Every structure is written in C-alpha cells, then in structure tokens.
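**Q** Each chain, letter by letter, is given below.
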Amino acid sequence: MQVTMTVNDVEVTREIEGRLLLVHFLRDVLSLTGTHWGCDTSNCGTCVVLLDGEPVKSCTVLAAMAGGHEVRTVEGLADGAELDPIQEGFMQCHGLQCGFCTPGMMMTCRALLDNNPDPTDAEIREAISGQICRCTGYATIVRSVRWASVHS
Amino acid sequence: MQVPAPFEYERATSVDQAIGLLERLGSSARLVAGGHSLLPMMKLRLANFEYLIDINPLHDELGYIRSQANELRIGAMTRHRELLESDELAAAFPIFRDAERVIADPVVRNRGTLGGSLCQADPSEDLSAVCTTLDASCVIRGPGGAERVVSMEEFHVGPYETAVGDGEMLIEVRFPVRANGGSAYQKVERRAGDWAVVSAGAAVWLAADGTIADARVGLAAVGPNTTGIPEISEALRGHEPAEELYERAGAIAARVCDPVTDQRGSEDYKRHLADELTRRTLRTAVERARS
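Quick mapping for you: the protein sequence lines, in order, are chains B and V. Its first residue numbered 1, the first sequence is counted upward by one per residue in UniProt numbering. Its first residue numbered 1, the second sequence is counted upward by one per residue in UniProt numbering.
The shape of chain B in the complex, shown without the other chains (with noise of 0.2 Å):
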C-alpha cells in the first residue's frame, strides 16, 4: 500500500505493508535513525516521536496510521544549525548520560512545554513518566526542561 504523511515539514510518499510500524518506517525507510528502538512494547518511550504535535510511542503506531498526518522526529527539533531550547537545556544540564532514552526524553519534554510553558517539576516528571532512563538521570532531566523553559 502507499502511504503519505509529512516527516520534520517534508512530504514524503512510500509504499509499504500495512504492517510497517512507524518507528520501522522512520529508521529503515526514511533512514532517520534518531529515532531510537527499544522495548518494542510501549514501555519504554525511546521511540517517541509527535504525531500532530502529540507523543505518541511509534513502536506501536502503524506506518498506515501516520498517513496524512504529520510526523516530528528529533531530526527536526533544531532549526538549521539553531538547536531546539529543549537540546541545548539538555547539554548545559547534562540531561543526557549514554543518550539511548534521549530522542525520546526531548520530544515529549517538547511535547510539554508546547502545550505548558511553565511545567512544575511535578508536571515534567509526571510527562515524562512513561519513558525510562535506565542511567537513571531523571533529575538531569527534569533541570535540563526547566532550562528550556526559562531559556524559551
């Protein structure tokens, strides 16, 4: 089947088998391998991605879902060489140890502070509680989306 969706503001056409999962589509098909690949069962968040904006878990969204809709990847969080203030919080705070949970930590704390500019600590840990961390960073984390938000 063919499917259509807009991927970081470019439309992008594929044929695919209706079972392609998106996380899949993005790494192999589209080779945008930022998108990182773990659990494969919605437990872990490494492979969120915004879909219309909101986190979604892409191990467990098809490829067919998307059409139609659009996709953002952490390919398309920085603006040129401008990073998102969300990747530069999370250099000056050191939110990031090994970096596997990274993509997926950034784009639901972008996710967050789209919808809430201001997030307490307990709304950030709270966003971010279906993702894990198995550095354990969490409280980097959260002190690298305060940053953002201050720096936004």
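There may be inaccurate statements among the hints.
If you want the footprint, here are the derived chain V segments under chain B, 3+ residues with CB under 8 Å [unchecked claim]: (1) 7–20; (2) 49–57; (3) 153–165.
The set of hints was computed from the structure by calculation and includes no laboratory data. All of these numbers come straight from a predicted model, not from anything done at the bench. Every residue gets a Cβ at the ideal spot worked out from N, C-alpha and C, and that includes glycine.
Based on these hints, arrange chain V on the given structure of chain B.
**A** Chain V alone, transformed into the frame defined by chain B:
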C-alpha cells in the same frame, strides 16, 4: 524484532462505512483504535487478522463527552487523555480521573480509547471496572444502523470476549447520572503504569436522610471479568455510612472475588487487597457524595 503477521490495512471514513467493511470481511477483520493492546498482541502472534480497520479517523465522530438529562454519554473513540482532562466528567464521576491517573502513562493515554479498552475485555482493565461500578451500558451498532444497548454484565462475555458480534461496533457508553452521588477508584500496581495487582471502584448515592440509597463496587484483576458485586450493594443499601459497614463490604469483596496466584501476587494477597481497596474507595466515595 517484533512485527505483526501480514494483514491488509483499511481506513475507516465513517462509522457506517466501517460496519459495512466488518460485515463484508467477517471475523477475518478487526477494528483497531489506539492499538496499544491489540498491536502488542499481534506482535506476539497471540492475535492474527487478515484485515485491520483503522478507526482513528472516526475520532471526530466518536470522540465526545455529552451530558444529557440524567445521563452522560461518552463516544467510543474518546481517548484516555480526554477522559483524564475533562472537568465535566471529573465533576460527575470523580472515579474516572482517579482511574485515568493510574492507567498506563501519559504517552500511551494519548492513543488509547474508552471503546478500545472495553472491547479488549482484559480482566485487569481499569476502565471496564469503572464502567461496571457506574452501571454503564454499551451501545453497539450493527448493519443498517441498527443499535442495541447492553449492560456491562452482558457486554463482557469472558476474558477478551465481548457481546460485539461480527459486523458490529461499540460506538458509545452511557452512564446514568443520579443525585447525591460520589465515586472513587484505587489501584495497587507493582510499578507506575503497570496492570493492576487489584483495583477497586466504588460509587455511592445518598438519600436525603444521609443513608445509602444505593452503592456499587467493581473489581479488576480478580476474576475472569471485571465484576460488579450485587451482594455488596445489598449489604450497603438503607444503612448509615460507617466504618463497620465498609468492613462488611470489604469482607464480602474478599470472599466473592476469584483471584489466582500469579507473578503479580498470591491469591491471599489479592483477596486482602480486594478487601482493603473496597473499604478505601467506599470511604472516599461517601465523602465525595457528602461534599
């Protein structure tokens, strides 16, 4: 890598078009809404279908919370997040916000739907327990626009099995609104966002003299389906709310539920939880009914 077995993807354009597809394709087709229960099962090959009909495009048609006279109606495609964030729903039935706070996580709640949760018919499913507690009824539409309304007891036929037949679709869930009501939900889970070890919901309606006019308790994860417990309703009706009464209700819950020992806990522990959570939710429901 986990991927579902091959299937044909169809996209719904309207409720009746989706029902037309179901009618034509029969049991080889399945509706997919949020997909956060169905797709993992298909990845594990626990479920296989030749056709998946994506009903996410029907969110505009079936995503709503509407107050009618003496009734609240929720469309089957209303997402967890919308149920959590609705102040109208929280005011009428605070049990919904209690439950939604502990269902999965915020990202999953962006996708999962009320209808999908009920049709999955997992015995541990929290929203099924909420709907059972609130004495909800389910509107099932079939070919030619024919609709039938069934109670939650009729809706859940068994684990993963519902009254929705081939060529039919759950489109709406209706909740009776009665005066002086209060409700609450509590869940014990091993970690945030997990399935329940045990959950309990309670709804209480008070009479003008402060006694309990009616009460319902619904439990999840302690039997083949989320079940209401008529014996508890009978024990509570007509009595003044009191700790001894909640204790009696808790003892009934522990006795009549049917848990099994598994990785989430022993049968004894689950009976203990059914008792304790029944007491706690009744206590909160009464407090809310009074305020």
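**Q** Examine the region 49–57 of chain V for residues whose CB is less than 8 Å from any CB of chain B, and state whether their number is three or more.
**A** holds (count 3)
**Q** With a Cβ-Cβ cutoff of 8 Å, does the region 153–165 of chain V contain at least three residues near chain B?
**A** Since 0 is below three, the answer is violated.
**Q** Check, residue by residue, whether the region 7–20 of chain V contains three or more positions whose beta-carbon lies closer than 8 Å to a beta-carbon of chain B, and give the verdict.
**A** holds (count 4)
The earlier numbered hint that this structure contradicts is number 3, and it is the only one.
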